[in-house]
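4 protein chains.
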Amino acid sequence: MGIDRPKPTIHFGLVGYKFMGKAHSNALQRANMFFELPAQINLSVLCGRNEENVKAAAMKFGWDGYETSWENLVRREDIDVIDITTPSNAHKEIAIAAAESKKHIFCEKPLALNVKDAREMLAVAIKNNIKHQVGFNYRFAPAVALAKQIIDIGRLGEIHHFRGTYLQDWLVDPDFPAAWRTDKTVAGSGAHGDLGAHVIDLAHYLVGDIKAVTGINKTFVKERPEVLGMTGLTATKTIDARMVPVTVDDASLFLCEFENGALGSFEATRFAMGRKNAMAFEINGSKGSIRFEFERMNELQYFCGQDEPGLQGFRLIQASEGIHPYAGHWWPVGHVLGYEHTFVHEMVEFITCITNDKPCIPDFYDGMKCCQVLDAVDLSIAERAWVNIGDI
Amino acid sequence: MGIDRPKPTIHFGLVGYKFMGKAHSNALQRANMFFELPAQINLSVLCGRNEENVKAAAMKFGWDGYETSWENLVRREDIDVIDITTPSNAHKEIAIAAAESKKHIFCEKPLALNVKDAREMLAVAIKNNIKHQVGFNYRFAPAVALAKQIIDIGRLGEIHHFRGTYLQDWLVDPDFPAAWRTDKTVAGSGAHGDLGAHVIDLAHYLVGDIKAVTGINKTFVKERPEVLGMTGLTATKTIDARMVPVTVDDASLFLCEFENGALGSFEATRFAMGRKNAMAFEINGSKGSIRFEFERMNELQYFCGQDEPGLQGFRLIQASEGIHPYAGHWWPVGHVLGYEHTFVHEMVEFITCITNDKPCIPDFYDGMKCCQVLDAVDLSIAERAWVNIGDI
Amino acid sequence: MGIDRPKPTIHFGLVGYKFMGKAHSNALQRANMFFELPAQINLSVLCGRNEENVKAAAMKFGWDGYETSWENLVRREDIDVIDITTPSNAHKEIAIAAAESKKHIFCEKPLALNVKDAREMLAVAIKNNIKHQVGFNYRFAPAVALAKQIIDIGRLGEIHHFRGTYLQDWLVDPDFPAAWRTDKTVAGSGAHGDLGAHVIDLAHYLVGDIKAVTGINKTFVKERPEVLGMTGLTATKTIDARMVPVTVDDASLFLCEFENGALGSFEATRFAMGRKNAMAFEINGSKGSIRFEFERMNELQYFCGQDEPGLQGFRLIQASEGIHPYAGHWWPVGHVLGYEHTFVHEMVEFITCITNDKPCIPDFYDGMKCCQVLDAVDLSIAERAWVNIGDI
Amino acid sequence: MGIDRPKPTIHFGLVGYKFMGKAHSNALQRANMFFELPAQINLSVLCGRNEENVKAAAMKFGWDGYETSWENLVRREDIDVIDITTPSNAHKEIAIAAAESKKHIFCEKPLALNVKDAREMLAVAIKNNIKHQVGFNYRFAPAVALAKQIIDIGRLGEIHHFRGTYLQDWLVDPDFPAAWRTDKTVAGSGAHGDLGAHVIDLAHYLVGDIKAVTGINKTFVKERPEVLGMTGLTATKTIDARMVPVTVDDASLFLCEFENGALGSFEATRFAMGRKNAMAFEINGSKGSIRFEFERMNELQYFCGQDEPGLQGFRLIQASEGIHPYAGHWWPVGHVLGYEHTFVHEMVEFITCITNDKPCIPDFYDGMKCCQVLDAVDLSIAERAWVNIGDI
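Chains as they are written, first to last, in my numbering: chain A, 1394 to 1785; chain B, 1394 to 1785; chain C, 1394 to 1785; chain D, 1394 to 1785.
There's no promise every hint is true.
As the list claims (entries may be wrong) - With a straight-line cut-off of 30 Å between C-alpha atoms, the simulated DSSO-like cross-links for lysine-lysine are:
no.	chain 1	residue 1	chain 2	residue 2
1	B	Lys1604	A	Lys1604
2	B	Lys1615	A	Lys1604
3	C	Lys1615	D	Lys1751
To be verified - According to the in silico footprint, chain C covers these stretches of chain A (three or more CB under 8 Å from chain C):
no.	region
4	1698-1710
5	1714-1726
Claimed, not checked - Taking beta-carbon pairs under 10 Å as the criterion, some of the chain C residues facing chain D (in silico):
no.	residue
6	Thr1748
7	Ile1754
8	Leu1772
Source of the hints: derived by calculation from the structure; they are not laboratory data.
Computed from a predicted model, the values in this text were never measured in an experiment.
Cβ coordinates follow ideal geometry from the N, Cα and C atoms, glycine included.
Extracted from the complex, chain A is given alone in its bound form (with noise of 0.2 Å):
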């Protein structure tokens, strides 16, 4: 049936080898050897500050070779995109010059400190005609895509509420050092911009625009001792350390009403004693309910009102059978994923859409109207009042 082209072939260079790094660099691999690209990716360039680390990081993670600044990675011509995971404050700039090397840009959420750099960092994205996609990985668990489609074919009918809640611990000890995530400059915000992000993007992606919002916040501990070096979410006191300002939220709550109509509640938290990374929501509408809760993640709950009465009840879906949205290209029905598998997603798509000049989803647009909300969130703490996002 035609000529076989050979597939073309993807360099990526990828900014960050902590975290988001050492998962983005893992998706890449993955995606290749379980998924029919219509691309091969090659890791090509890892980038970092520091030679020695990000030297071993690239061979660890298996790419091909490394820069220690990433104003010589995005000039590079054998790179075709440019994959930002570095702390918030560090996007806009790479973002920026990226695009104007007319590379494609995956860049990790917060797409920006606010709303106005995320504005920016779009307007430069469209004007250089360049593929972006914003990291909202949770979007890519199977469950999570499942009820996209539930919701999508109408199962739910008219949307009444939605609820989310993103809760973990790790700050509850006051003796828990200060690092970059507790640092407003280098963070944004703290709870909110972290973990609020994503169900914010939930958010959007199931149930639609919101229209107004009005929430609050705390800082529970106001200073914490200092750590030299320290990074990720493992660190332990030093004694006698110097006291450092949390100059972030430890905690953000909000209520909102969406365009359509539904109401909104929205918890983020590192405070909530107990729970880990329990990122959670439900949405009721007037034909059904869906459930889901992160670190059940193969599991979906849906409500159908249109069950035979008398035998009503949530369905607990093992959202792993073939037919479920990517569950088939990994292993049999129950023998369940993880949280990488939701970057191993994300990088499919995003690979097709460069492939295949599709629109990129979630893009900056998205990752821009999260930034969006989140600043109106602030605003109305700010100001004691309700917020409406288009004033935002």
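With chain A fixed as given, assemble chains B, C and D onto it according to the hints.
Just chains B, C and D now, kept in the frame of chain A:
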């Protein structure tokens, strides 16, 4: 060991014989049988407006006699306690008359249609030096009482978070008829006062006073078919029924800050498809957490931050051991209790406080505090702003 | 509409006033109040050997009078029903005397110490043409009755598997004292007849007759301290107590093949640490499956193989809707029932069968069938071989 | 601290490229990336009979080369390890040839078609002094490894009960075609050896040796349509397909006594409608209990009998903390792992044992022990009697 004094007898007059009237009648009988009360309870008079119905109910529920006028009832000399289970708009008048007649009062929740009325009821009760209790029955589930014990002995430490929901779905169907519960002049509010009141009371009980609130509510279905003579939750639409406006909220949500600095979120709805009587709360503190879901009311989840590292996890306590509150009076562990037992327990406490001349808990003060929060939330919704509880 | 005949009254005489006597007393009263029975139940005579205790219990439990001799009781002309809740070794003698006196009989399970006695009881009951029922109360949990309906309308198809367990832990502590339940001459067997009997009956009820069995059992703790006067499940060891041999099984397991070809597994134990009253079963058929756990007795899980592919999953049915068996007589959906309600329901059925002259279900025949399986399992253990039920 | 020796490289030759071949290929790559192994793993040669397919798989899965003859493969000097993932009937011949060629061997379970073959494989492995491991991958779920730690430090005390089940439903449909897994000459047995083998191994690992067994099994569907070229679990019937007899069990159950006196029950089935990959076990000891369900593989339930009275309950441990076995090499707590991670962990242990010259666990001895129990159960079924493991 001294003289064996005969037990006093406390004579009850109960106003109302529907859902709550049945629950109270049952509870009074069960209390006599399963507990060693300091007084014998006598089911003396059942009161309702329809003579035929109240007579039949009195016989069915084991009452000695009946009345068709609460005004007569409260004046009867042979009655010690007036127990009020009418729709909310009748609470005030009956309670004030009963108090003026020096009867002890048990009143269903919400105590009144608004905090002003509740304050008046409280004042009259205090002036007449009677015992008064409010029907926040969920406090008396063994698992909830156990939660209170856990908090009181400091096992949760400083409280950071309360999140409570009360989800039902019986109004999702737009053909479900109007009822007194959808009429603001009778019920005061909708899900807010009916369901939310329970969650607010539990927050007061377990966490403490609320400082400020902001909320949102909605009436998803604006009018419903009228059904003559419908009572309770079971009814079907008449063909060509007249449409009646729904004047209460279908759902009500709010955020709060507690006086002790904890953050709270609350949701009450009758539109959560698939959720039947899903009253649930979670409390996170600096040392531990607890979780409770009413539909699994015999279970309390408790996370103990002092457990050995690596072996920590929410404990699923089957709160029906002899050592647990109230449970030892019933059956062996695991032989689970149900909804109606909460009413038995509250009556046991009420009788005990009357006999021993101790203050009841929760009393009209607690009922008033709940109304204060309900009103503050409604005001915050009207003004689209935060409202301080102290200003109500 | 004809003459309004007055309801007949059925006079009960209850033998035993401990755990089961209390449960039955409560059930008879609740049945009168919550159900529209065809006859009025009268709690006439409570019977026990210790006059002081039985008198106190009669007053507490609402009985009109008491007897200290069951021989007298069964001869009384004013009694219609003898309800037997004594330890198992007294069932036979009382039941036969009652039947010969033409009393209807409700007898707790296991019906007898062995199938021979059970057959004799059944024969005498049939000969005297009385109504007879056995206290397999778990059949009457709404969720279990719903399971029966689901099976009867063919929703599971051909049954392939039954797996049932009844796990408790109250004998794990070797210091827990000996009791009548650990004495073979009184109890007949240990976990096997006490707990296993319930599971066997449910298997008969839901799946059908058993064809052959093979089993194993064990007494983990061979002797226990004696406590004088201990009753029920609550006791503590006396210092220097005399040690008494345990003559019953602590745990008993068996496999079976049903007559219809299904495979079954059964386990009853008092040594499952942390398991309080964990009676649970699962049934898998060619079209669907059901699961039930008593400690969450208001829930039934149902898997429907006809649900749309991709949306299949066990439905968590909150089996307390008005449409569910028995549930509509109590509270609104989700206002959960407890252990004691199963006794009310079995009494409602018993009264109805007596009044309407219909055969009771389950009756002494079902009780005998259960004893047959219990004996067959014990024989299989003794012979270390499969035993056909038909040979017992 | 001495010379920094370069890491050795271990060259793998993998036989088989279907379900297990894919899982092993993935695991070897992940092990290199996520763990600090004492040796580098090299994916040298993939082996399969169909050249086109194995070549494509080798490219896809990242192997350096391929072979179409396992006889050639085991003789290659550049290969250190032979990894066997073929159907069970090929294990013996390949393993013996590999051992004679002094290759280390990783072999999938069940080790052999019967214990005689397994003993021969073990003897040859020992004679040739090679490392040998069997693919009981479920041991390497973090939650299962944690369960082992809990038992080893005595937290369960004396073990009384083991109950294990492995429930699937992919053969319920009688139209599902015959496959190598339904052919006794290729698979050895059905659910018994495929699923039951895992549960038996876990019982050995966590409880100890089995003393005697009695069982039952069944083939519910006696013949199935043939499909040419079908592999794995996904196939659809051809119209007018020839019917092929099913020569293995659809379900297999047995009871056992362990050498330490504990009682055990086991069930493996492919006919449990709605159950997808429900491998689960519970162990009850004198001091505590544990429970595990594979479909929620990141969770371990642990009941600690030493917890404060009144606050005891099964703890739901999210077994993905850095402190838990293997988990710290992956993601932060609660960022859950999946099925495939168990293979990574078993390979990490295998590589470590090879490099450090330590015995592998589980090895061919464990594989043989599992076959011994499988055979004993089948013999007990044939003879309808208990069989002592020592007699097999």
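These are the hints, each one checked on the structure:
1. Straight-line distance between C-alpha atoms of B:Lys1604 and A:Lys1604 comes to about 27 Å, which keeps the hinted pair within the 30 Å bound.
2. Of the supplied pair hints, the one linking B:Lys1615 and A:Lys1604 holds, its CA atoms being roughly 21 Å apart against a limit of 30 Å.
3. In summary, the hint linking C:Lys1615 to D:Lys1751 is not supported, as the alpha carbons are separated by about 43 Å, beyond the 30 Å threshold.
4. A stretch counts as covered by a chain when three or more of its residues have a beta carbon under 8 Å from one of that chain; for the region 1698-1710 of chain A and chain C the count is 10, and the coverage holds.
5. Here's how the region 1714-1726 of chain A fares: 3 of its residues keep a CB closer than 8 Å to some CB of chain C, so the rule of at least three is met and the hint holds.
6. For C:Thr1748, the interface hint is violated, since its Cβ never comes within 10 Å of a Cβ in chain D; the closest pair sits about 41 Å apart.
7. Interface hint at C:Ile1754: violated, since its Cβ lies 27 Å from the closest Cβ of chain D, which is beyond the 10 Å cut-off.
8. Using the Cβ-Cβ criterion of 10 Å, the hint placing C:Leu1772 at the interface with chain D is not satisfied: the shortest such distance is roughly 14 Å.
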